[in-house]
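**Student:** Quick note, the sequences are listed as chains E and Y, same order.
This note's numbering applies: residue 1 is where the first sequence begins, and numbers increase by one.
This note's numbering applies: residue 1 is where the second sequence begins, and numbers increase by one.
Simulated from the structure, these hints should not be mistaken for lab results.
Cβ coordinates follow ideal geometry from the N, Cα and C atoms, glycine included.
Be a bit skeptical, because a hint or two may be false.
What the hints assert, rightly or not - Pulled a few chain Y residues facing chain E out of the computed Cβ check, cut under 7 Å:
(1) V116
(2) R117
(3) Y120
(4) A149
(5) I153
(6) A195
(7) S198
(8) S200
(9) A207
(10) T235
(11) M244
(12) R253
(13) E262
(14) A266
(15) L267
2 protein chains.
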Amino acid sequence: MTSDLAASNVRPAALVGVLAVVGVGLIGGSFAAALRRRGAVGRVLGAGRQAGTLEQARRLGLIDQAVTLQQAAEQADLILLAAPVGATRRILEELAPHLRSHTIVTDAGSTKLDVVRAAYAALGGKAAQFIPGHPIAGAETTGPQAADADLYINRTVVLTPLPENAAEAKTLLTRAWERCGARVVTMDAQAHDVALASVSHVPHFLASVFMEQVAAAHDSSARMALAGTGFRDFTRIAAGSPEMWRDIFMANRDALLSELQEVKAALERAEQCVREGDGEGLHDFLERAALARRFWGSRSGLS
Amino acid sequence: MTSDLAASNVRPAALVGVLAVVGVGLIGGSFAAALRRRGAVGRVLGAGRQAGTLEQARRLGLIDQAVTLQQAAEQADLILLAAPVGATRRILEELAPHLRSHTIVTDAGSTKLDVVRAAYAALGGKAAQFIPGHPIAGAETTGPQAADADLYINRTVVLTPLPENAAEAKTLLTRAWERCGARVVTMDAQAHDVALASVSHVPHFLASVFMEQVAAAHDSSARMALAGTGFRDFTRIAAGSPEMWRDIFMANRDALLSELQEVKAALERAEQCVREGDGEGLHDFLERAALARRFWGSRSGLS
Chain E
1 MTSDLAASNV RPAALVGVLA VVGVGLIGGS FAAALRRRGA VGRVLGAGRQ
51 AGTLEQARRL GLIDQAVTLQ QAAEQADLIL LAAPVGATRR ILEELAPHLR
101 SHTIVTDAGS TKLDVVRAAY AALGGKAAQF IPGHPIAGAE TTGPQAADAD
151 LYINRTVVLT PLPENAAEAK TLLTRAWERC GARVVTMDAQ AHDVALASVS
201 HVPHFLASVF MEQVAAAHDS SARMALAGTG FRDFTRIAAG SPEMWRDIFM
251 ANRDALLSEL QEVKAALERA EQCVREGDGE GLHDFLERAA LARRFWGSRS
301 GLS
Chain Y
1 MTSDLAASNV RPAALVGVLA VVGVGLIGGS FAAALRRRGA VGRVLGAGRQ
51 AGTLEQARRL GLIDQAVTLQ QAAEQADLIL LAAPVGATRR ILEELAPHLR
101 SHTIVTDAGS TKLDVVRAAY AALGGKAAQF IPGHPIAGAE TTGPQAADAD
151 LYINRTVVLT PLPENAAEAK TLLTRAWERC GARVVTMDAQ AHDVALASVS
201 HVPHFLASVF MEQVAAAHDS SARMALAGTG FRDFTRIAAG SPEMWRDIFM
251 ANRDALLSEL QEVKAALERA EQCVREGDGE GLHDFLERAA LARRFWGSRS
301 GLS
């Protein structure tokens, strides 16, 4: 798949002729860098609201050229949206009128049902060209300077395709993520949002609640002076972007609230053991947690 | 301070002539290794229930000799208890009859009110020789092979002295920890237990509750396949020893339960924002958490 524009100065064998990345930060910049390093992309265009960020991305070699959304739609074979999830609909609306028929659009948002809704609303008859995606990779660092060609190695990328997506389009997108070193899994958008509510949104919510509670205590500085490495690890995610996480929590509100109910029920059972001096019950609960965590650690490749 | 036994083969300038460590794992072994590397100790004795562990500690050079508790009491100038906190009273009872009058005994337990009670009960008239302590340093790795002479560099050690402790004894113990690179703070045992309930015991409790809840879900493997680095950091402490943490939670039950009430109230306030679609309230809460975490991270020297 090569575009006319790219064909002149690029090996025809590149998996993606022209890639456009909307939002050239950690996620978008790393995708571009990974494909480029593996020789899987011809030309990389970058779009975004901040001219300074695009210029920085160009100087870092992440993109070849800064373009408008219209130019991206007119020139790219593959477009990755890596801007804040709340901007998805607006960006798709700007791309829609100029999108060539073979171009594939995907995204990197942490929630998928809302993105699917935005895609249908913005793209209408062109919705078949949009394949929702979510690379599960760290977001504590931001900006083009954080981009890393190795970010996606051994990471999971979830695709939640629409019924309208063409098989060849899904194959190409899967190959592109695999060239970045990722493992691609496909699932239903609803199942994705429920699973992510559990393993990503709840931990972030609890870490933030805990951090805020400690900080609000009248003796918070005395407390925090005694905080060690356990506190450091447990609260690390609470430092994340308030804007980004507000959007995620709001977008996945139902699944988040439902999962929090389950966590509160589990908390009540564990507290009951402590209240009643049930050392055996407390030990069994802690042992189930420890074994599950150690098993996950040995399997995940992340520990 | 040098013992007769150590005087023959040791520089008289060593801060501690003979050190005995009861429980030669990460905490006790690292204390011995740190003092030895800084030339602050003459001879190191090790006591403990597992002969294999003591032999391993000797081969690793952490201790010079394995001894009984009676021998430790008869020979040491400073004794550090670094065995599980539940064993504190029994160990002190075994040491008590043989303890020389100048010997200082301290401990490394994560809770202090229960240790103070155990010390008075076991030592009676010799309680003045016991200075309760708590080095706040990682406990995810265990055993003599995990011992590290640098473990305490820039870490906090809390001492919660008894009214009976002599000033010179407190000074010597403070100097010993400072030679390990630690920052020593002194506080009341009750204040210690309340602060630790907040910044150590609650995070461990919540991480374990969350981990167990995810593991118990009918679709737990599908969820855990999507878990990323945020999940990894948030749950890391849940892998800790169930025995050790059961003892800590039970020993600090009142402070833990009271602190959990505060966390649940904060959780309810944050959930309310999500339920009511109060994006501004949610953002403000997340921002307070993020700013507090970033500030702590920049100050703690642990991030």
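**Student:** Could you run down the list of hints and mark each one as holding or not?
**Tutor:** For each hint, the structure was consulted:
1. V116: violated (18 Å)
2. R117: At 16 Å from the nearest chain E Cβ, Y/R117 fails the 7 Å test, so the hint is violated.
3. Y120: Hint violated; Y/Y120 Cβ to chain E Cβ min 22 Å, cut 7 Å.
4. A149: For Y/A149, the interface hint is violated, since the closest Cβ of chain E sits about 18 Å away, which is over 7 Å.
5. I153: violated (13 Å)
6. A195: holds (5 Å)
7. S198: holds (5 Å)
8. S200: This hint holds: Y/S200 lies near chain E, its Cβ roughly 6 Å from the closest one there, short of 7 Å.
9. A207: For Y/A207, the interface hint holds, since the closest Cβ of chain E sits about 6 Å away, which is under 7 Å.
10. T235: With a closest approach of 5 Å, the Y/T235 hint holds.
11. M244: violated (9 Å)
12. R253: holds (6 Å)
13. E262: holds (6 Å)
14. A266: holds (4 Å)
15. L267: Check passed: Cβ of Y/L267 comes within 5 Å of chain E, closer than 7 Å.
This entry does not satisfy hints 1, 2, 3, 4, 5, 11, going by the numbered hints stated previously.
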